[in-house]
Amino acid sequence: MSNPAMTQSAQLEPAEKDQSQIEQKRMIADHFERLARAKAEGKKVVYTFVPGNLTELIGALDMLAVLPEINALQSGMRKKSAGYIAEAEKAGHSEDVCTYVKCDIGMLKSGNIGPTGTKLPEPDLLLLSYTGCFTFMKWFELLREEYKCPVVMLHVPYQTDGEITPEMREYIVRQLKDVVIPAMEQVAGKKLDMRELSRRLQLSHRAEDDLVAVWESARHRPSPIDGYFGGVYYVGPIFSAFRGTEDAVRYYQMLRAEVDERVRRKEGPMTPDGPAGEERFRLVVEGPPNWTSFLDFWRMFSREGATVVASTYTRVGGLYDKGFRHSPDEPLESLADYCLGCYTNLGLPTRTALLEDYIRRYEADGFLINSVKSCNSFSAGQLVMLRELEKRTGVPGGFIESDLVDPRYFGKANIENRLQSYLQMLEARRGRASA
Amino acid sequence: MRCVVGIDLGSTTTKAVLLDEQGRVVGRGITNSRSNYEVACAVAREEALIAVRFTLLQRELESFADDAQSWRDQLHEAFRLELYRDQLAELEAEVAVALRALTYVGQKATLEPAAREVHERMRLHAPELFVVGAPRKSDFFRDLAGAAFISAAEEVSREQNVPYERLVGLFDRAVLNVETELRRRDFGDLLARAARHVLERGTSGEERKRFESAVARAARAPIQELAFVGTGYGRQTLPFPKEAVRSEILCHGRGAHRVFGGTRTVLDIGGQDTKAIQVDGHGVVTSFQMNDRCAAGCGRYLGYIADELNLGLHELGPLALGAKRVVKVNSTCTVFAGAELRERLGLGERREDILAGLHRSIMLRAMSLLARSGGVSNELTFTGGVCKNPMATRVLRELVTDSYGEGITLNAHPDSIYMGALGAALYGLDDVVAGRPQVLPTFALDALTTGA
Amino acid sequence: MTDSTASDPAAEVLARCLALYEDMSFSRVRRWKEAHPGGLAIGALPIYVPRPLLEAMGCLPVSIFGGGDQLDVIRGDSYFQSYICRIPRSTLELAMGGQLDVLDGMLFPSICDVIRNLGGIWNMLFPERFTAYVDLPQNFDRDIGGRFYTGELRRIAAGLVGRGAKPPSDEELRAAIRRENSRRRVLSELSALRRREPWRLRASEAYLAARAGSVLEAQEHEAWLRELLAALERREARAYDNVRVVVRGAFCEQPPLGLIRTLEAAGCDIVDDDFQLGLHFIEGDIEEDSSIDPWTALSNAYLDRGVATSSRYIGEATKGDALIESVRAAAAEGVIFAAASFCDPALLDQPMLEAALDRQGIPHTSLKYAENSGQFQVIREQAGAFSDAVKLWGSAA
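Protein chains in written order, with our numbering: chain A, 19 to 453; chain B, 562 to 1013; chain C, 208 to 604.
Derived pair list, reagent style DSBU-like, types lysine-lysine, alpha-carbon separation capped at 35 Å:
#1 A:Lys127 <-> A:Lys97
#2 A:Lys284 <-> B:Lys803
#3 C:Lys526 <-> A:Lys209
#4 A:Lys108 <-> C:Lys526
#5 C:Lys575 <-> A:Lys166
#6 C:Lys526 <-> A:Lys166
#7 C:Lys575 <-> B:Lys885
#8 A:Lys57 <-> C:Lys526
#9 B:Lys803 <-> A:Lys97
#10 C:Lys575 <-> B:Lys889
#11 C:Lys526 <-> A:Lys61
#12 C:Lys240 <-> B:Lys889
#13 B:Lys803 <-> A:Lys430
#14 A:Lys409 <-> B:Lys803
#15 C:Lys526 <-> A:Lys195
#16 B:Lys803 <-> A:Lys35
#17 C:Lys526 <-> A:Lys137
#18 A:Lys62 <-> C:Lys526
#19 A:Lys97 <-> C:Lys526
#20 A:Lys98 <-> B:Lys803
#21 C:Lys575 <-> A:Lys97
#22 C:Lys526 <-> A:Lys208
#23 C:Lys526 <-> A:Lys127
#24 A:Lys108 <-> C:Lys575
#25 B:Lys949 <-> A:Lys430
#26 C:Lys598 <-> A:Lys108
#27 A:Lys98 <-> C:Lys575
#28 A:Lys127 <-> C:Lys575
#29 A:Lys98 <-> C:Lys526
#30 C:Lys575 <-> A:Lys430
Derived contacts from chain C toward chain B, CB cut-off under 8 Å, selection only:
#31 Ile281
#32 Arg282
#33 Asp284
#34 Ser289
#35 Asn579
#36 Ser580
#37 Gln582
#38 Gln584
#39 Val585
Since the hints were derived computationally from the structure, they do not count as laboratory data. Glycine is no exception: its CB is placed at the ideal position from the N, C-alpha and C atoms.
Work out the full structure: start from the sequences and follow the hints.
Right, dumping it as structure tokens:
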């Protein structure tokens, strides 16, 4: 599975920084400082995954979250993943399997130095939320072998048919009540205060409203945001340790104001080379980005005037633009619905319908699938989606292949070739349509 | 003449196509791609310009001679001979440089006379290579001169008791420099020399004069290149500004559609990759799929097999046609290809039958890519290096019939290697028609005098 | 090659099993449908589906294991990237080629993301067909996971009833459970025989016998198995000294028969494996007592006695314990990990299982295959070297 970016090192960021980005950077730095002090201050540390994360619950029990997926993608961006993956493969892991897992295992074997250069605290609990990705389960089984700490599993049923049944919800709520929360309380050494949980869910709700407004802004021409490359920065706080905090509320207010301002000025998004030029192509993208050559990958788009108006990857940690919000009134039920609704927990027909909606709603010229080798949850079936979407919308689809954090699977020339061919094809077709 | 230039820089060969303003092909050129892309492009273009001049020459000849075609062919071979002689001289000079660079005086003393003798024999045998109608395995100087050098070196090394490898080593170093350095050549001068040799043979004074002025007109006629468009596998480093570069996929689709107007699907299997392309009624690509990082199903795979069997690449297909049965070969992985081949041979399977199975397994991969791009609806055009392999074509025919029925037309053109360059030139013509400003390539156009 | 000399009493039944194995057109299923008007044939991907439930509804459960090594895969390939295993490709090829038309529905159990998404592909490509994802719970508490699971079973049953299957009465469900238990017991006898006298029943033969259950009702399968058992007792076989190994990791996409035979030829007696895991998924009997609700019995069996395999979350016990127990129970001397290429569950599990074996000093080796692997030379050498090493190791110890 896959995940959004929490940016750390300056080279990874667009040339000009928005205020919100500076704010996000501060938040992340603070979080890693808290993690560095955790053991000394007796704070408990929970490792967990982005899709289906129970951040408000972790926060309400005064524990701190570490997200191994984000560490892995950070390692990719910092060009450390190749070494980590080699380390894991040397230890017997197959070349065939998910590179996030191998990158994380390799990082662990290399001293567990996190993105900020300090050693990450060991987990007191592995909170295994099995949401949309089978590999998560194996991942924490592997970590348990290393850390010998307790694991608690939350099995989230798969939304095959695009609906949440009462049985699914009840199954999750029962697990939360009878298994997950007791296990967390035991590690935390305190009882869960439901009022604190509700307070945090209320904060989540507010941040989610602002994030949705940011996504919606892409309906403007030019779009003031890039909903994929820029989007991974936008989802940073809400997909990770900050949902349900005042920090996140402030961040999303700030971000929304900046985006509104760009709309007012009819400006496009920020790119790695500064403000975007003319918007030539509006694209919808399915699939996670590649992290090892993230900026190169982004530039392949931005330098051709291609802006991503919506992406599904930025919905892996929560799908808010279809109406879901965390609710203080039904805390556990809304956590259940949240987990059930994460993008990769949706069946292919639902995923296809979502993409179709994005293509129409954001008036896309094309849609592109970045198929990553690591993530079968995303990838298996994408070619069926491609065909179906072309049939339904008449909008041509493009297909490129890479990987999350294994640079061996990022063939720059091949990807550039496919992407440019695709964009030229859109251009040629447009030329013919207007001729 | 006013024309547009399309250049396709491939992984093994570089092609150029020139179109006139009516979109007719007036010249084509091909050369082997080398480490220096600029030279490869320049040489391909030069070859195409030469072809244009021969087109012009033929038109001139047709105005007065009955057997214009025959004259043109004679002049063409004579021209190639003159060019070859010039290049041989360049090669000899480079060999001399290589000899000077040798450290041991003793070596030099034995190699020098041997090399001189080798060149003497190459010059002597040169005319045999350029006889009208004689088959040549290749038109590339490297191949022609290489074969001649080796054959002469074998004799000379025996006669003079000089190490054969040393001699061939000299050639390898020298030919690299001949290839990668652009030389100024005067088309008119070469053609005039060629004409002298041809016309010496039985023409009257009057006739000869007519021929000479036709040759002069063809050599001097102005050729104006209105647009340049580049494409190809080496696109990333094409010596063209970004505005003059089109994707190889777009160009292949367009080129194939130009040759076969009814085609809606193009399968291109080249050395490095396989592409399945769908085009609309105007030759504009509507969807495409390429193989991924895995090389299974590309020309390269056949290359491995040929190496494994110690065969030439071009021998595989004809051999496979002799299969009595098709051995099931499941691994199209290049890494395992050799192992599977050896195992099958070890089990006593016939080489032809295994080869038939290998061809089939490659084409199965191609069929999947075709299906992925949207399938075949009416007419499929097969292009790229592998389309010259008769077994590949036969298997494709069978599989297409199995999957899409009897009604599918399968086109495989002997000149399909030019499809990309043709498509590029067509895009160049679009630019001219649309009145877009001319964008010049970055390779040295002025090094050539053929386009005077 | 079932040693089909006239002198082998097992030859005939094994030849029948081989014919079923090779029949990619599922003619046996067609015949079943002709003989059972109104009966539905329901395909199921590996690993586990509760077959008694289907039988109780008058359905024939048909295990789908891809296309083997004889099928040309073109259209199936066109929907999957090169880094995805082979079973979804060949399964789709079968469907697009019409071979699966005989099925009235398909079940996709939660093995991994690929098989799960294959269910989604089915939904999209064949919207008119009955398709269900079987979400097997990873919470094994009867009140939580159990409740969810019986709900899943009822949901699937309702879907099948909607397609014309018979609503299952408790009595019929109990009877089907009894038949399944009974079949399962003969399978266990065969396993025991194989462990006792591996020369009397080769792993490749046991494989074919179990695999026949893919297209047979439990009762009929049981009859075949009993026939085989009886024949084997009459079979003349000489004991020989091979290395006893357990094979793990081949629970979904199946290795080609040639691979199993290659391991045997290389001196390895496979005395335990997970090839046809679905038939062995429940350890011991499913409760058949009339005092217990049969739906709950199915659920309890899954929760309490499902085998430890890669797609099942191992909560409390230590990873690898179950494998070590299998090695001990089979008196095996080593383990061969045989995983399908790109099989996430098997390949992600493997390092943990290897570590557990290392702690116990149990030798192991690993290989990868695809269902259509065509060359076994490397595997033969590897397995041969492994069996030699194990023998040496054993004599040195």
